[in-house]
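First to last, the sequence lines map onto chains B and U.
Reading the first sequence from the start, the letters are residues 1 to 152 in the working numbering.
Reading the second sequence from the start, the letters are residues 1 to 152 in the working numbering.
It is possible that part of the hints are untrue.
Since copy identity is lost for identical chains, a pair holds within one copy or between any two.
[What the hints assert, rightly or not] With a cut-off of at most 35 Å between alpha-carbon atoms, the simulated DSBU-like pairs for lysine-lysine come out as follows:
hint : residue 1 : residue 2
1    : K113      : K95
2    : K3        : K95
3    : K54       : K3
4    : K72       : K95
These aren't lab readings, by the way, just hints derived from the structure by calculation.
Note that the structure is predicted; figures quoted are calculated from it, not measured.
Number of protein chains: 2
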Amino acid sequence: MEKTFLEDLAPGQVFTSDARAVVDAPSIKRFAGEFDQQPFHLDEASAQDTFFKKLVASGWHTTAVTMQLIIKTLPLSHGIIGTGVDELRWPRPVKPGDTLRLHCEVIDVTPSKLEPSRGTVRVRMTTLNQHDQAVQTMIANLVAFRRPQRAA
Amino acid sequence: MEKTFLEDLAPGQVFTSDARAVVDAPSIKRFAGEFDQQPFHLDEASAQDTFFKKLVASGWHTTAVTMQLIIKTLPLSHGIIGTGVDELRWPRPVKPGDTLRLHCEVIDVTPSKLEPSRGTVRVRMTTLNQHDQAVQTMIANLVAFRRPQRAA
Numbered sequence: 001m002e003k004t005f006l007e008d009l010a011p012g013q014v015f016t017s018d019a020r021a022v023v024d025a026p027s028i029k030r031f032a033g034e035f036d037q038q039p040f041h042l043d044e045a046s047a048q049d050t051f052f053k054k055l056v057a058s059g060w061h062t063t064a065v066t067m068q069l070i071i072k073t074l075p076l077s078h079g080i081i082g083t084g085v086d087e088l089r090w091p092r093p094v095k096p097g098d099t100l101r102l103h104c105e106v107i108d109v110t111p112s113k114l115e116p117s118r119g120t121v122r123v124r125m126t127t128l129n130q131h132d133q134a135v136q137t138m139i140a141n142l143v144a145f146r147r148p149q150r151a152a
Numbered sequence: 001m002e003k004t005f006l007e008d009l010a011p012g013q014v015f016t017s018d019a020r021a022v023v024d025a026p027s028i029k030r031f032a033g034e035f036d037q038q039p040f041h042l043d044e045a046s047a048q049d050t051f052f053k054k055l056v057a058s059g060w061h062t063t064a065v066t067m068q069l070i071i072k073t074l075p076l077s078h079g080i081i082g083t084g085v086d087e088l089r090w091p092r093p094v095k096p097g098d099t100l101r102l103h104c105e106v107i108d109v110t111p112s113k114l115e116p117s118r119g120t121v122r123v124r125m126t127t128l129n130q131h132d133q134a135v136q137t138m139i140a141n142l143v144a145f146r147r148p149q150r151a152a
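With the rest of the complex left out, here is chain B (with noise of 0.2 Å):
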């Protein structure tokens, strides 16, 4: 991927790619095991006695998940780097063997006023599952830097 620096941004531009990222009933179980010890996400049969009545991803699993697929989704030169995040939802759980995707887009692009290299991008993302449903969106604030100047 051509690395994507602060100059080349608008609002509007979107940002998807082939990246696709498999949740398996394992994988599940195992971020729920270390940070999310809750029955929904823990195994099937204590599941069924819960608000989900289903084995569910943890929501910062999704999150967690998500972030690979920014990785291979979004090509920002210096990485990706959030200053932070607004309007995280999770319309839907992730459910075993879902397969999600990520589709980006730019709601703003603001230049630094005291740090004339970077600027903060504004975007909104929505990771969807294999039936084009969202499970979740949110808006996040990225670190955005200016292509370096050779010298004159």
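Let chain B serve as the given structure and place chain U on it in line with the hints.
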């Protein structure tokens, strides 16, 4: 911990606990190896030439560790079920060896109009390091359930 129901919650309430989570270099690298393969999260040497100039934890690792702490701090009756997060910020990165703890404050409690058995609790969650510095702040909307009524 005694279970907390919707009617037990009120704005201004604070939940804290003795729960602590140590984030060491191997766990930073392991999380990044699976979910966030960028040089500033993967090893000390390659981190030196980056924006951070040293190894730091992925922000999504910080959210995942925070989830560990939420479960141990906020005793909602049916578990921690998030519908969304607003204003997620990482004011400073988590560094190898940091010990994290959680401070939760209830902002608002809203009974559901459609589902009389439950409502939403809006909580400000601050993740602090061993120097009492915030490494993460977020506002989370969680599902809270009413205490079951006995038959009269």
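Verification of the supplied hints:
1. With identical chains, the CA atoms of K113 and K95 are at most 35 Å apart between copies only, with a shortest distance of 28 Å across copies and 44 Å within one.
2. For the identical chains of this complex, K3 and K95 are neighbours both inside a copy (34 Å) and across copies (28 Å), given an alpha-carbon limit of 35 Å.
3. Taking identical chains as interchangeable, the C-alpha atoms of K54 and K3 lie at most 35 Å apart only when they sit on different chains, with a minimum of 22 Å there against 42 Å within one chain.
4. When the C-alpha separation of K72 and K95 is checked against a cutoff of 35 Å, the pair qualifies both within a copy, at 22 Å, and between copies, at 25 Å.
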